[in-house]
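Enquirer: Sequence:
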Amino acid sequence: MEKMTMKRSLTNLSAKIICTICFSLLIGGIAMGKDLGIDAIVESNSLQQIAKDLRFTEGPVWHPEGYLLFSDIPADTIYKWTPDGKLSVYRSPSGNSNGLTLDRQGRLIACEHGNRRVSRTESDGTIKSIAEKYNG
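As numbered in the working numbering, residues 1 to 136 make up the sequence shown, in order.
It should be emphasised that the hints constitute simulated quantities derived from the structure, not laboratory data. There may be inaccurate statements among the hints.
Stated by the list, open to error - Below 25 Å or equal to it, Euclidean Cα-Cα: the simulated DSS-like pairs (lysine-lysine) are:
(1) LYS80 - LYS52
(2) LYS128 - LYS80
(3) LYS86 - LYS52
Small disclaimer: the values here were computed from a predicted structure and weren't measured.
With the sequences and hints as input, model every part of the structure.
Expert: Encoded structure:
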């Protein structure tokens, strides 16, 4: 019984550490770059609906190449939206990603609560796990 409690405690600790890493990456991404999406709203002074039939969207991040990435958590998909109104699948499955940010090289960092990890999508589309375990 004590061993099971210890294992559960380590699992909870791992989840807390992964959440802390996700939060740090998101805050770091905000601090490192200018949020062009906010500037665009302020300039146009209006909001518009850009997509329909999505389930639960989260984690928007504006890419410097001129498009928006965001997660639809229950759909297990990361979408790409371009200013010309086109919506396409960027990555599916996404590991039920939630928070998204970009690293200094413009690669997508995703907090995947479905896979219990933080991943990075490389420029060639491959996905690398950058945090998934702590002490085993």
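Enquirer: Now look at each hint and say whether the structure bears it out.
Expert: Against the structure, the hints come out as follows:
Taken as a hint, the LYS80 and LYS52 pair is honoured in the structure, with Cα atoms around 14 Å apart against an allowance of 25 Å. The suggested pairing of LYS128 with LYS80 holds, with an alpha-carbon distance near 20 Å, which does not exceed 25 Å. The hinted pair formed by LYS86 and LYS52 meets the criterion: a straight-line CA distance of about 12 Å does not exceed 25 Å.
No hint from the list above goes unmet by this structure.
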